[in-house]
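Student: Quick note on numbering: the UniProt record's numbering labels position 273 of the sequence shown as 273, and the sequence is numbered without any gaps.
Derived by calculation from the structure, the hints in this document are not laboratory data. Please note that a few of the clues may not be correct.
[To be verified] List of simulated lysine to any residue pairs, SDA-like, C-alpha gap at most 20 Å: (1) 202 with 183; (2) 234 with 130; (3) 232 with 252; (4) 202 with 130; (5) 232 with 132; (6) 202 with 246; (7) 202 with 312; (8) 232 with 286; (9) 202 with 286.
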Amino acid sequence: MIPETLRALLDATQGQRRAEWAGREVWLANEAWGELAVSLQGAQVLHYLPAPEAAQAEGSLPAPEAAQAEGSVPAPEAAASEDAQPTETPEGMVAGGWLWVTPTPQELPGAIRGGIPLCWPWFADERTADESPDRSGPMHGPARTADWRLDAVDEHEEGVELHLSPLERLHTQLVPRAVIQANAQRLHVELITEHTGETPVKITGALHSYLAVADAFACRVEGLTGARYLDKLKDFAESEQQGELGVRSGIDRIYHSNEESVLDDGHRRLRIARQGSDSVVVWNPGDAPPDDTSLAAARRFLCVESANTRLDPVWLVPGAQHLLGTTLSRAI
1 MIPETLRALL DATQGQRRAE WAGREVWLAN EAWGELAVSL QGAQVLHYLP
51 APEAAQAEGS LPAPEAAQAE GSVPAPEAAA SEDAQPTETP EGMVAGGWLW
101 VTPTPQELPG AIRGGIPLCW PWFADERTAD ESPDRSGPMH GPARTADWRL
151 DAVDEHEEGV ELHLSPLERL HTQLVPRAVI QANAQRLHVE LITEHTGETP
201 VKITGALHSY LAVADAFACR VEGLTGARYL DKLKDFAESE QQGELGVRSG
251 IDRIYHSNEE SVLDDGHRRL RIARQGSDSV VVWNPGDAPP DDTSLAAARR
301 FLCVESANTR LDPVWLVPGA QHLLGTTLSR AI
């Protein structure tokens, strides 16, 4: 689910091109394998829609109040119906795609809420790699608001592969780069950190995926049964997940797990695989959305993030590299 203004740019794109959206330079692809939109602010994937879903109109999501009852999943033939009709969406947004982007992005130099922001070299307020004496660096680190260059665009498995790097140095000892691969079957994002300095550095980070859903409060996340987690809404109290996770209200948890997850919103099942990550962050703001997002719009996303957090921080020694990755694909 993306803003109407971004949808209009994609509709006007044939092949690949650069354009401006919300004051940012974006790279767009509308090709036989599907659609992709990437902001060069933050090297942030904003939109991905594989061609099979575009052809079958599977991107049309029902309104939250019409979502399936708890635990119910429609028959596969119903979910993939070519007769699926678009339904009411939050003002300024259109259905379609696996990712969600707010219809009211902050003005520069603010970050864009949605898509897959790169949280680097720390996650949330855990400023482990912050070089300021008072740990006053920005929430989620500087990478998501920095300007990145598009170093290369290559064809890949009948899709595309993008390589990006920041225009300016973001850390005295660490150098990040991003790789984005998209085709008709999957979206894969890598955040690679290279240590070019002389002393060990501890980092955290996340690929903060905002996944488009019919209704956040009717979602199920499979693959976390038995995992220990920290509940940020309960002062990081530790618990163990009993059964599959059903999201019925606002949630902010860090699960200690390296297993694949499946997000089921009763309409679409997405598989989320992780690389270099032993933390899964599950988040939706519930009835207290951030200032740049309406309550109705916030009900249409659930974040299921590949991350390195306080549960699995990464120590990098000089000359070492770390790869944090996430892969989104259809789940049966």
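Student: Hey, residue 232 versus residue 132, does the alpha-carbon distance stay inside 20 Å?
Tutor: violated, 25 Å
Student: Does the alpha-carbon distance linking residue 202 and residue 246 stay inside the 20 Å limit?
Tutor: Distance of about 33 Å is beyond 20 Å: violated.
Student: Given the hinted pair residue 232 and residue 252, is their Cα-Cα distance within 20 Å?
Tutor: holds, 6 Å
Student: Assess, step by step, whether the Cα of residue 234 is no farther than 20 Å from the Cα of residue 130, and give holds or violated.
Tutor: violated, 26 Å
Student: Is the straight-line distance between the alpha-carbon of residue 202 and that of residue 312 20 Å or less?
Tutor: Holds, at about 10 Å.
Student: Below or equal to 20 Å on CA atoms is what counts here, so check residue 202 against residue 130.
Tutor: Roughly 10 Å between the alpha carbons, so the hint for residue 202 and residue 130 holds.
Student: Residue 232 and residue 286 were given as a pair; does the straight-line alpha-carbon distance stay at or below 20 Å?
Tutor: holds, 13 Å
Student: Quickly compare the C-alpha distance for residue 202 and residue 286 to 20 Å and report which way the hint goes.
Tutor: violated, 32 Å
Student: Check the hint pairing residue 202 with residue 183 against an upper bound of 20 Å on the C-alpha distance.
Tutor: violated, 34 Å
Figure legend: structure checked against the earlier numbered hints; hints not met, in rising order: 1, 2, 5, 6, 9.
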